Amino acid sequence: MSKTVLYMSMSVDGFIAGPNVAPGNGLGDNGQRLHEWFLPDADAEHRTGSHLAGVNREVMDEAMATGAVVVGRRTFELADGWGGDHHDGVPIFVLSRRQPDPRLQWPGVTYVSDVTAAVNMAKDAAGDKDVLVHGARTARLALAAGVLDELQIHLIPVLLGQGEPLFEDMPPDHIELELLRAVDGPGVAHLRYHVRTAG
Amino acid sequence: MALIRLYMTISLDGYITGPRDSLDTPMGIGGFRLFNWLDRRNDPGPSGQVYTEVLATRAVISGRRTYEHADRWQGDHHDGVPIFVLTHNVPDDPPPGGVRYVTDVHKCAAQARAAAGDGDVMVHGAGAAQALLRAGQLDELELHVVPVLLGQGRRLFDNLPAEHIELDAVRRLTTPQVEDVAQHVTHMRYRVRRP
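If you read the sequences in order, they're chains G and E.
The opening position of the first sequence corresponds to residue 1 in our numbering, with each subsequent residue numbered one higher.
The opening position of the second sequence corresponds to residue 1 in our numbering, with each subsequent residue numbered one higher.
Worth double-checking, as some hints may not be accurate.
Stated by the list, open to error - Computed list of lysine to any residue pairs in SDA-like fashion (alpha-carbon distance at most 25 Å, straight line):
(1) G/K3 <-> E/V181
(2) E/K107 <-> E/P91
(3) G/K3 <-> E/G75
(4) G/K129 <-> G/V21
(5) G/K129 <-> G/P91
(6) E/K107 <-> E/Q74
(7) G/K3 <-> E/A182
(8) E/K107 <-> E/G75
Hints were generated in silico from the structure; no laboratory data involved.
Note that the coordinates shown come from a computational prediction; the quantities given were computed from them, not determined experimentally.
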């Protein structure tokens with residue numbers, strides 16, 4: 001059955017972006033450091049990760065084998081909507097309560113206001129494949145709604161010291177996880193967790 | 001020379017206590033969840049191994065907050081090894097047991113290394129760790145990464161300068177699946193890269 005999986009690169013001190021995230025600075029100051037494991041050069045073809053090998057290649061291939069994407073509007077806009085195609089033309093569901101920006105509309109992109117509805121539509125679209133979840137805010141909403149199944153954390157050996165935390169201001173009932181897999185690639189440890197409790 | 005190594009339990013999302021930590025609630029709301037792995041500290045396996053390493057350190061550096069929140073360990077953290085408490089304001093009452101108060105981070109590091117001899121120095125607390133990092137005196141981090149999302153609380157680091165600090169992963173020890181899932185933890189050891 002299709003699972004929803006958050007893919008996220010994170011520093012050892014729990015940051016997923018540097019400070020001062022803004023349009024044109026989508027990963028915040030120095031935040032690019034977190035993506036160097038698959039994107040050593042900011043101008044490289046990034047999402048296919050064709051230069052990767054070994055464990056990093058396998059993990060990236062898993063992400064690229066997902067059959068749909070659920071993404072928050074902020075992440076989607078900071079990425080300029082990936083030109084309407086995140087990978088292989090799979091359907092993209094953008095979580096947003098506001099009207100779509102006409103410049104960020106493509107045939108494969110659907111704007112949805114409710115996270116559970118977005119996940120259900122994405123799972124339907126993905127068929128047997130998993131659903132890639134993008135963005136910490138969307139992941140937080142999905143966790144609260146009980147519709148996030150797994151977290152694939154790419155743990156980067158760096159201390160950012162400042163920036164955007166993976167999660168903050170969540171409800172005080174903490175969320176239990178179970179480590180499903182841990183593998184080490186060059187410059188990154190890939191930790192995959194199952195969400196045991198949510199909400 | 002003795003290495004100075006931070007030992008710290010941390011949630012996957014980067015918190016070292018739950019929210020609203022205080023003297024009465026030293027781990028904040030729900031924060032004691034982080035310490036379940038210590039239930040296995042005397043058992044064979046990764047957590048037992050790491051805890052044995054903790055107890056093999058020959059000196060302790062602690063920040064003042066951690067020291068007070070831990071009720072000063074009654075002056076003895078383990079085996080009576082010297083405890084160097086980094087503080088801006090030295091308390092008026094005499095320090096208990098093996099405790100010494102130090103106001104200068106470089107002196108603190110040097111004294112702790114000297115006291116540890118052939119052993120290593122363990123660091124307790126985010127405040128001391130940050131001060132040592134800034135001073136270029138923190139050599140390693142051993143983080144006990146607990147598979148839980150606390151979602152709020154005190155973060156390991158959130159006051160460092162914007163220049164990031166590179167680490168090298170040197171070891172990962174993961175709890176076997178057969179152990180109780182509530183006690184699972186991933187012990188990650190990193191070396192701090194010097195510029």
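In rising order, the numbers of the hints this structure does not comply with: 3, 4
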